[in-house]
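Asks: Please work from the sequences and hints to get the whole structure.
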Amino acid sequence: MTPLIAPLSPAICALLCFTALTVALAFIFVGYRVALVLSFKVAANAWTRGAATHVDPPFITRVQHAQMNCVENLPVFAAIVFVASAMGQLAILEPLAMIFLGLRVAQSAVHVINTSAAMVFLRANLWLGQMAIIAYWLFELYAAH
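For the sequence shown, the residue numbers in our numbering are 615 to 759.
These are computed hints drawn from the structure, not numbers from a lab.
Keep in mind it's a predicted model, so treat the numbers as computed, not measured.
One or more hints might be untrue.
Label-pair distances were calculated between CB atoms; the ranges are [what the hints assert, rightly or not]:
#: 1; residue 1: Val651; residue 2: Tyr756; range: 45 to 53 Å
#: 2; residue 1: Ala649; residue 2: Ala757; range: 48 to 56 Å
#: 3; residue 1: Phe753; residue 2: Phe654; range: 23 to 31 Å
#: 4; residue 1: Gly702; residue 2: Thr729; range: 38 to 46 Å
#: 5; residue 1: Thr633; residue 2: Thr662; range: 21 to 29 Å
#: 6; residue 1: Met682; residue 2: Leu630; range: 16 to 24 Å
#: 7; residue 1: Glu708; residue 2: Lys655; range: 45 to 53 Å
#: 8; residue 1: His668; residue 2: Met701; range: 46 to 54 Å
#: 9; residue 1: Ala666; residue 2: Glu686; range: 16 to 24 Å
#: 10; residue 1: Gly702; residue 2: Ala640; range: 14 to 22 Å
#: 11; residue 1: Phe696; residue 2: Val656; range: 33 to 41 Å
Even for Gly, the Cβ is constructed at its ideal location relative to N, Cα and C.
Replies: Rendered as structure tokens:
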């Protein structure tokens, strides 16, 4: 009997989880801001780019920065997954997909926890690990064409 739902590829799963992480981080800082606006404590335009009139608590600022970092990197990862899928080469991504996701989740967690020099150094190295995996995947996908 054929299963109704095909098993989810690790690369597709990692992409969905990365997307969910990005959305979850947005909900945290946006939820905080919406609560302030709905309770009439802050005007809705208090966070206008370049002219903010409200300063968020450090934790919320770190969450926002972690989310923005995800937004910067998610399209690159998504493009690689989509191209690999279109080429029928998802197998190239499979061995490292969950490691990539783990590095991304760890980087976001470190970003949210603290901004000390040691944590920024750790965060940078977690990012470098992701970039090394992306470079490897790009090379392998190019070689597979």
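Asks: Taking the hints in turn, state whether each one holds.
Replies: Taking the hints in turn, this is what the structure says about them:
1. Range check, valine 651 to tyrosine 756: about 48 Å between beta-carbon atoms, so the 45 to 53 Å window is met.
2. The given range of 48 to 56 Å is respected by alanine 649 and alanine 757, whose C-beta atoms sit roughly 51 Å from each other.
3. Distance hint check: the CB atoms of phenylalanine 753 and phenylalanine 654 are about 55 Å apart, inconsistent with the given range 23 to 31 Å.
4. A beta carbon spacing of about 43 Å between glycine 702 and threonine 729 agrees with the range 38 to 46 Å that was offered as a hint.
5. Separated by about 27 Å at the C-beta atoms, threonine 633 and threonine 662 satisfy the suggested range of 21 to 29 Å.
6. Distance hint check: the CB atoms of methionine 682 and leucine 630 are about 20 Å apart, consistent with the given range 16 to 24 Å.
7. Restraint check, glutamate 708 to lysine 655: a C-beta distance of roughly 48 Å satisfies the suggested window 45 to 53 Å.
8. Our hint of 46 to 54 Å for histidine 668 and methionine 701 holds, since their Cβ atoms are close to 47 Å apart.
9. Remark: the range hint 16 to 24 Å for alanine 666 to glutamate 686 is upheld by a beta-carbon distance near 20 Å.
10. Here the CB-CB span from glycine 702 to alanine 640 is close to 33 Å, at odds with the stated 14 to 22 Å.
11. Distance hint check: the CB atoms of phenylalanine 696 and valine 656 are about 39 Å apart, consistent with the given range 33 to 41 Å.
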